[in-house]
Amino acid sequence: MKRVHIILLVVLALAIGVLVSTYSDSSTYSNFAKAKSEGELIHVIGKLDKEKQMEYNPFKDANHFSFYAKDKDGQECKVVFDGTKPQDFERSEQLVLTGKMESNVFHAEKILMKCPSKYTNDHLEITEARAIKPI
Amino acid sequence: MQFTGEHLWLGKLGQFFVVFSFGMAILTTLSYYFSVREELDPNRKGNFSWKLLARSAFLLHAISLVGIIACMFTLIYNHYFEYHYAWEHSSRALPTHFIISCFWEGQEGSFLLWGFWQIVLGSILIWKAKDWESGVMTVIGLSQVFVCSILLGVSIFGFQVGSSPFILTRMVMTEAPIFKDPNYLSNFLTDGRGLNPLLQNYWMVIHPPTLFLGFASMIVPFAYAITGLWTSRVKEWISPALPWALFAVMVLGTGIVMGSAWAYEALNFGGFWQWDPVENASILPWLILVAAVHVMISYKSSGQSYITATILVLSSFILVEYASYLTRSGVLQNASVHAFTDLGMKYQLIFFILVFLGISLYFMVSRWKSLPSSPKEESLYSREFWMFIGSIVLTLSCLQIMATTSIPVFNEIFHTQKAPPVDLVGHYNKWQILFVFTIIILSAFSQFLKYQKTNTRVFFLQLGIYLVVSILITVGLVYLTHTGFNTMFVLLDFACTFSIVSNARILADAFNGKMKLAGSAIAHIGFALLILGALVAASTRKVISVNTTGLSYGPSWTTKNAQENILIYKGEPYQMSNYKVTYLSDSVSGPDTYYKINYQKIDPTNGRSIENFDLYPNAQINEKMGGLIASPSTRHYWFQDIYTHISEVPGAKEREASQEDSTYTINSYQVKPGQKIEVNKTEITVSELVRNAQVKDIAINPEKNDLAVGLKLNLESEKGKFTTEPIFLIKNLNILPIETKVDELGMKFRFTKIIPETGSFELQVLSKKPGKRDWVIMKAMIFPYINFLWIGTLIMVIGFLFSIFRRNNEWVHSQSKGSKKKNKTPIPA
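Chains as they are written, first to last, in this note's numbering: chain A, 1487 to 1621; chain B, 56 to 884.
By construction, these hints were calculated from the structure, which means they are not laboratory data.
Check before you lean on any hint, since a few could be wrong.
Heads up, simulated DSSO-like pairs for lysine-lysine below, C-alpha to C-alpha not over 27 Å straight-line [to be verified]:
1. A/LYS1546 with B/LYS774
2. B/LYS424 with A/LYS1556
3. A/LYS1564 with B/LYS635
4. B/LYS424 with A/LYS1546
5. B/LYS774 with B/LYS759
6. B/LYS473 with A/LYS1600
7. A/LYS1488 with B/LYS290
8. A/LYS1488 with B/LYS597
9. A/LYS1596 with B/LYS424
10. A/LYS1586 with B/LYS473
11. A/LYS1600 with B/LYS651
12. A/LYS1596 with B/LYS635
13. A/LYS1520 with B/LYS796
14. B/LYS635 with A/LYS1546
15. A/LYS1586 with B/LYS485
16. A/LYS1558 with B/LYS473
Reference listing, derived: stretches of chain A covered by chain B, where coverage requires no fewer than 3 residues with Cβ under 8 Å from a Cβ of chain B [unchecked claim]:
17. 1488 to 1501
18. 1509 to 1521
19. 1527 to 1537
20. 1553 to 1559
Don't be surprised by glycine CBs; every beta carbon is placed ideally from N, CA and C.
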């Protein structure tokens, strides 16, 4: 066996490793029910429940924000975000929450929100907020 | 309908330039193509009519492209908001130096920038490339055709091609009711939407042009490779392409680091690299071209790895196109907040990739048999073998980033719903730390090897010495930087040290006469420093704004929630780590509010202040851009940075309310000069009466019984000493007291009455009621050793400059030798 072949094999093995890791590390867009059963970090696509009270009091704690969100299946869940309240949060139309479920409360470490643009119709503006520490 | 106030001629002129430059780009490409045919034809008559035509077409193309830029600049500079580009990306309030940034905020402008650089590069090549001109310029011309097609904005067979920068606002928003008014410009569209405040940063003036120069120059090595294969000069293209490849690597690398400098200085996530898809897209072609440069050099010195070099050079430019597809087609919409939105040119960009991929494949396959293969297997103790391994590792590193960044592309193709890894940074780091470790180790020990064959005894001896030295230095370094908590970081510290020490040895040799070795040694040292700085800064950065009040925060609060944002009240010192921070005051400049935050470090033994400085982080409440936009302020030291940013400020209503009198307690006093009073722990001394006081912007006319008298006050409290001078003003027989404000004390002063009977004056002191104070929420971080990252980049650039000159000289030298030899047969076909 020539050295070139050995190198080729190692490269192939690493390339497959890279692809497998991309596949296994990638997640799916999911819902609260799954978050509850799996208990792992997960992406949930949902909407802010505008009927229910959001909680943010910077004088008490500037790093604590909580609200209620409904996932695609309509299931509702309390969400806690350890950070300052993202600006314009009330206007958001869709939320992509990254986090995990702990005792029936979803702890988000990242919120990606889509807000309707004030200028062009049918155009969404996307902003992102990160919690102060990863979960 | 007839609209008034529009400047339609400018758009028409601009659109003419767009179409004309597109046409001329096609003509340039075609005539250069025939010029190559003409040069390849053994029976040619010796006139270069096609080349002459091609050069003229290129000149006209260049002029009209500069014309487009001039038109766009005119409409942005003159605030012609009837044009959508000006309305969307600029506003009247914008300072002039940022008008230039408006240019590349939009998609069309950034493509124009790309086209502009290709013109500059094309002109240099026409001047310098000699007998490579026709082939190389055919490829550049073709790329220019695609870049111009993106600005076309015309419909061909019902298919929208490009998006014109000269489209009118009323054409984009056809539904908006304001366009029913013929005077919409003077009545409604009086100001533009403005430039995103995050882009209002000096880095954004230089980062995009540098990045695009990098992208644009990557076509040059690609064009040389294609020309080499096309005109059967399969071996010769490497020499002239090498300095260009080095140039592209240098400029793109600088552009990428400038982007992270911008992220570090202007964005408030507190970091310089986020593995964001847009960042990743720019690094893909860079990694591949770095790999290509190494095998090109290896081929020149040893005749090995020709095919690898060619494939890598060809892939690097295709990756540039793939990067622009990723960032500009809207495919990343769900994954990145930085990507451009879709302008409907997805298919155009895919077509762009396919054409260049097709050309590359065609020439690789059709010339396959004539490509030089490696003469024999490289020795294990040869430099070229390890350079080849290094290139493979760089390629794998690129592949890993590409695979994960392309998840949205896979979703698009296979209609899946995969999301990027939840722990994105962790996912990339676990692979890339491994790759970067290998690369740096390779860049160190291959310096002890020679091309072809090395004396193994000498090699192991030298290697051993430098290994021991590096280990000793690493131990010291780990101890100093406190990175000992993670084995991987210790190993990386070691790798970087090893590389710096080994390359320093080469550099020492270089100064002893072997100057041509200096470039690579310097560049490798710079790279190792860059990685070391990035690594230490990212791994040991420390949040120092930790809340220490110890309050309880309700049931959903768990202990692991460290409190990194702190709320501080104006004028109230707050102990934060080693520093006492005080929010002193704020000042408004344009749309920004700058918050003056004072930092004081107190020596605990004697209570004296050993350090005292102010930082001015700013924030603006920007309704248009969706809320609070904050930019940090940083105190730079040699070995660390202190970084502060505002996370939250009171809303506009709350701010206004806090300025009203109802939030103040008012006390009136009758005072005489020399008298002292005490209000709210502040001692106020009335020092003197100032006759003929000056009032800004108000003319005092004594003949009309105007009067302005000031009362000079000295204030002393534990917050410091201040002076202020409220003024009693009579203007046009009205009494208008002019109040003064001392933010630090939360006090206002008014001089309201002169009482001649007693010779005294009435002074009102307004002090802010507690609870209604101004506040900000801020976060502060320390980034240790981040300067290594910037210094490393600078050193790397210097190294590349050395290498570019060396490789360029080599080529020019070989040309002059070659032309003497080949004087009688000038066709190198």
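Right, here's what the structure says about each hint:
no.	hint	verdict
1	A/LYS1546 with B/LYS774	holds, 26 Å
2	B/LYS424 with A/LYS1556	violated, 62 Å
3	A/LYS1564 with B/LYS635	violated, 37 Å
4	B/LYS424 with A/LYS1546	violated, 75 Å
5	B/LYS774 with B/LYS759	violated, 42 Å
6	B/LYS473 with A/LYS1600	holds, 19 Å
7	A/LYS1488 with B/LYS290	holds, 26 Å
8	A/LYS1488 with B/LYS597	violated, 50 Å
9	A/LYS1596 with B/LYS424	violated, 54 Å
10	A/LYS1586 with B/LYS473	holds, 18 Å
11	A/LYS1600 with B/LYS651	violated, 33 Å
12	A/LYS1596 with B/LYS635	violated, 31 Å
13	A/LYS1520 with B/LYS796	violated, 58 Å
14	B/LYS635 with A/LYS1546	holds, 21 Å
15	A/LYS1586 with B/LYS485	holds, 22 Å
16	A/LYS1558 with B/LYS473	holds, 16 Å
17	1488 to 1501	holds (count 7)
18	1509 to 1521	holds (count 5)
19	1527 to 1537	holds (count 3)
20	1553 to 1559	violated (count 0)
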